[in-house]
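Trainee: Sequence:
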Amino acid sequence: LAARPARLLFRLTSDIDALESLYLRLVVPALAALGAAVLAGVVLGFLHVGLGIALALWLLASGWGIALVTARRARRPAVQRGRAMEALRARAADLVAGQTDLVMAGRIDAEREALAAVDRRLARADLALHRLETASGAAWGMAGTLTLAGVLLAVGALAGDEGAIGAPAAALGLLIALTAMEPFAGLRRGAIDAGRTWLAVRRLAPRMAENELTAIDAAKPPIGTSALRLHEVSARHFGSPAVALHGVSLTLRPGERVALIGPSGAGKSTLLAIAAGELRPATGSVEGAPACLLTQRTELFQDSLRDNLRLADPAADDAALWHALEQAGLARDVRALRGGLDTLLGEGGLGLSGGQSRRLALARLLLSPSALWLLDEPTEALDAPIAHDVLHRLALNAAGRTVLIATHLQREAALADRLVLLAQGRIVADLPRGSAAFDEALHALRPD
Numbered sequence: 001l002a003a004r005p006a007r008l009l010f011r012l013t014s015d016i017d018a019l020e021s022l023y024l025r026l027v028v029p030a031l032a033a034l035g036a037a038v039l040a041g042v043v044l045g046f047l048h049v050g051l052g053i054a055l056a057l058w059l060l061a062s063g064w065g066i067a068l069v070t071a072r073r074a075r076r077p078a079v080q081r082g083r084a085m086e087a088l089r090a091r092a093a094d095l096v097a098g099q100t101d102l103v104m105a106g107r108i109d110a111e112r113e114a115l116a117a118v119d120r121r122l123a124r125a126d127l128a129l130h131r132l133e134t135a136s137g138a139a140w141g142m143a144g145t146l147t148l149a150g151v152l153l154a155v156g157a158l159a160g161d162e163g164a165i166g167a168p169a170a171a172l173g174l175l176i177a178l179t180a181m182e183p184f185a186g187l188r189r190g191a192i193d194a195g196r197t198w199l200a201v202r203r204l205a206p207r208m209a210e211n212e213l214t215a216i217d218a219a220k221p222p223i224g225t226s227a228l229r230l231h232e233v234s235a236r237h238f239g240s241p242a243v244a245l246h247g248v249s250l251t252l253r254p255g256e257r258v259a260l261i262g263p264s265g266a267g268k269s270t271l272l273a274i275a276a277g278e279l280r281p282a283t284g285s286v287e288g289a290p291a292c293l294l295t296q297r298t299e300l301f302q303d304s305l306r307d308n309l310r311l312a313d314p315a316a317d318d319a320a321l322w323h324a325l326e327q328a329g330l331a332r333d334v335r336a337l338r339g340g341l342d343t344l345l346g347e348g349g350l351g352l353s354g355g356q357s358r359r360l361a362l363a364r365l366l367l368s369p370s371a372l373w374l375l376d377e378p379t380e381a382l383d384a385p386i387a388h389d390v391l392h393r394l395a396l397n398a399a400g401r402t403v404l405i406a407t408h409l410q411r412e413a414a415l416a417d418r419l420v421l422l423a424q425g426r427i428v429a430d431l432p433r434g435s436a437a438f439d440e441a442l443h444a445l446r447p448d
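Residue numbers are given in this note's numbering: position 33 of the sequence shown equals residue 33, and the series is strictly consecutive.
You may find that some hints are simply not true.
With beta-carbon atoms standing in for the labels, derived distance ranges [stated by the list, open to error]:
| # | residue 1 | residue 2 | range |
| --- | --- | --- | --- |
| 1 | Thr100 | Arg297 | 21 to 27 Å |
| 2 | Ala381 | Leu344 | 20 to 26 Å |
| 3 | Arg297 | Asn397 | 18 to 24 Å |
| 4 | Gly247 | Gly354 | 34 to 40 Å |
| 5 | Gly98 | Leu311 | 23 to 29 Å |
Hints were generated in silico from the structure; no laboratory data involved.
Even for Gly, the Cβ is constructed at its ideal location relative to N, Cα and C.
Let's have the full structure, built from the sequences with the hints guiding it.
Mentor: Now the structure itself:
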């Protein structure tokens, strides 16, 4: 999802909207229909007990039965519609953002055809849902007609042959039968949307449970003299059967700087995600101070420089923002811009160079009050002079903070007091500065 912002935005909006419809279009109408059926049965029960019970049972069986059948048959086209809409938005965003590259590569016509194919798939799903909605409306209409006919025959028999009820009571029974099915028709839209709601629940429920439990774990304060403590932590990424970490135990003291090293896929970024509370451990415990995570990718939004900085501290005033920019070495560049802090960035930070974007991310890190910094390859893809300047500024401002950095570069690992070597999701070595093994591991890392 991080690589597909259009898909992420779609899920943030449509899935939450779909969950809202669960209450408004399913739960409330279903309870209203239940109340209406029971009330109709009670009122007719005063006229004739058998007629009241029969009407209530018929209303519940037919009304809910039609809703259930509609929901089951609408599930597949509703899921198909949701996925087609998601694909349509993603492809449309890709076409707009990359049209120049597509034209140069001669792929613009193919991309347009792919977009049209997704649109046709969406149209087919919409047509199937519309047909189901029409059919369900007709079914409830037919059920209402049968209800009226049945009550008419019943009250006619009771009034004529048995003389159990009079003409006014018979008229009341017919009036109740005439409107008894109407509350169930309110379930039609909810039944049609049930498949979309089910898809949203399936996608969001595991994340919500994971985030809730992770937040509880991350809120545990550090014990004793530890700024961060992981004990026998194992973890896997959402949707993946592979275990990313196996029984990892790691303790960081306040003010300590530790570098995680190891080959790609060893579990460095996963360990940072667990320490940041963004990934729930499958087993084990995590205790630590509130953390600020600086990821490999600089996340900037199409907004002003001021608002991008205030993501770290919404209450920060301009003086605090300029101080952070000074510390990050970006103040001069921002002052040279016509808009200063009000300068609007393009999508993904368009308008800033790679080095400037990284310095802006550093300034945002400096604004954070967190005492624990988690850095994931902070100078990757930067030129050596810019990278060394960024690291120098990080080191100056990290005084009194605990730093955990994932890296495969010498220049980043040189900041550390300890090197922790990971391989296949396990800690295989913990090397303190000053030891021969520390120097050997440091020099084995990739140089500038």
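Trainee: Hint compliance check: list the failing hint numbers for this structure, sorted ascending.
Mentor: none
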